[in-house]
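Quick mapping for you: the protein sequence lines, in order, are chains R and C.
If you use the numbering used here, the first sequence corresponds to residues 55 to 354, in order.
If you use the numbering used here, the second sequence corresponds to residues -7 to 361, in order.
It is possible that part of the hints are untrue.
[Claimed, not checked] These stretches of chain C come out as covered by chain R in the derived footprint (C-beta under 8 angstroms, 3 or more residues):
1) 14 to 24
2) 51 to 63
3) 77 to 87
4) 268 to 279
Hint data in this document are derived by calculation from the structure and do not stem from the laboratory.
The beta-carbon is built from N, C-alpha and C at its ideal position, and this holds for glycine as well.
In case you want the letters, here they are:
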Amino acid sequence: MFDLFTDYTLRTVALGAGILGIVSGVLGSFTVLRHQSLLGDAISHAALPGIVLAFLLTGSNEPLPLIVGAGVAGWLGTLLVRAIVRNTRIKNDGALGLVLSVFFGMGLMLLTYSQSRPDASQAGLDKFLFGQAAALLRNDVITIAILGGVAIVVVALFWKEFKLLSFDPEFGSVLGFRMGTIDVLLTTLVVIAIVIGLQTVGVVLMSAMVVAPGAAARQWTDRLGVMVCLSALFGALSGVTGALLSSTGARIPTGPMVVLSASAIVLLSLLFAPNRGLVWDKLRSRRVAISADPREQAGL
Amino acid sequence: MSEAQLEIQAIALVTAVACALPGAFLVLRRMALMTDAISHSILLGIVLAFFVVGSVGSPLLIVGAALMGIVTVVLVETLANTKRVGKDAAIGLVFPALFSIAVILIARFADDVHLDVDAVLLGELAFAPFERLAINGYDLGPRALWVMGVILVVNLAGLALFYKELKVATFDSALAAALGFSPVLVHYGLMGAVSVTAVGAFDAVGSVLVVALMIAPPATAYLLTDRLSRMIATSALIGAVTAIGGFWLAHWLDASIAGSMATTAGFIFGLAFLFARDRGLVALLRRRKRQRWEFAQEMLVVHLLHHEHGPDAEQENRVAHLQEGLRWEGEFTEEVVGRARRRGLVSLADGLLTLTDAGRDRARRSFAA
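Kindly produce the complete structure, drawing on both the sequences and the hints.
Here is the structure:
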């Protein structure tokens, strides 16, 4: 545990995962409330062709061009999902599944195509697939912190608008807000939160990071402000815990450990959160059953 | 074409068709993302079965994986039924957790065995012909072809036997319950089929392509037809085209077959999305445009009828006045008047519009409606 203060690599990884947890926790609150939890899944898969193309075009492994490529592709993916849902009778789930699998397949095709050419070197791309938190460098953490910080500042600036969007978009448009634009802005922030996390937890598991902290925080409160703060806290907690746990033994990948920590927080919240906790529910219904017992009512 | 190429195409074809059959119902029942969840969490089933059996080749691995698919469905539904999280969040919580456990188990205990996370996710169809099914030393062909062939036959049989039940439960689950067959049973039967198909398919083509093959061809077919039977047949056909087209695309680019098949599936969907006869984007835009002109002409004749024989008809029914009376742009007015004249709804003399009999009729009808 004390390694956190002495071990440089571990500190970098824990810091990166923690910041990532905060950012995805904040934006995940909104996706959970808007029933768009699986949008994250689609965005993270859809990012792959962008990463590969950015790599092919710039030939660099620097985090920023790859993140930009991922962001553009993920963003295009969400626009396509919206276009499909609006113009066909295919529902949200079908559009998400379609976009995520086709984009990912395209990325895979581009990746293998680039690898099959003689001049190719593609080191660094695999870690976007499955995440390689252990390889996180100081530079990566700085990139994560800056982009994530910008995203959080934007959330703070547009707090009222995002609140309206999450709870009553019709009312928002009556008040004169451009809800369509606000929706695109929030989605863009979700895309940012996801692409900065790809390198740490990977394409497959990043989707969990925008669902789990928000879903856990939702159990504890009915207020948006409290929920977003709690969600950020849970996200940071899972990031740091996951990084620490994976450092306790050899060959424990960080990404999955972060996701499992988040899952554990969700489970505990579902069971024990005040008011909404399932355990209290069970106890309450038993108490009701006992008090409805006729013998007790008869004073026996 | 070499024998290996033929075999790869045969495997791809059988897999694509086997996936398209249950996929059609998933798209209709809005459960498309369940395939995503199942295709990831079966990895845990395979790992656990591997620990029990101790070998990678055992058919018990497929059983374990299929069971984990069902467990995933049950977990998602249990979680959603608590009403504490939405159904979408339930899916997004369950499968990453199961997948994480599988990845950790593999990394920790099975790293030296042939249980490769990359291979599971991405698949490599090009290697499928190397795994042969042999009985008494006699080579019967690629193992994947047999596995997917059996799964295809089972899916076809299930579809033929329970077509009516599936249809009613999909479109009207209340009626299904009233008729006496449980929608829950149909649901789990379908999920079982999805699970088994995904397990068989991911071995050959990887889990992400399973999602592409189960969703893209049925979603495309959904844009092309209104009949369930035709939709299923079209899905299977599109799946077959995807398989062969994807193979040759991969061959040409020297790239992953699974990725190329998914890309082909997306391309075919894109074509249908743009150009489908009734539901394509082009047809949709054209229809919207036509409706705009129709509506404008209707407004014009109603306006003319309203002021006809009135004291202000001389002034109101002038082309020049429409700009003010109906708030139309000049060019737009010209176009509408032109269209209405060509259709014989109005006649124009010295800038004054008069209704023809047909125009008057049309205006009255729009009042009646």
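Handout entry: Hint numbers contradicted by this structure
Key = Checked against the structure, the only hint that fails is number 2, while the rest are satisfied.
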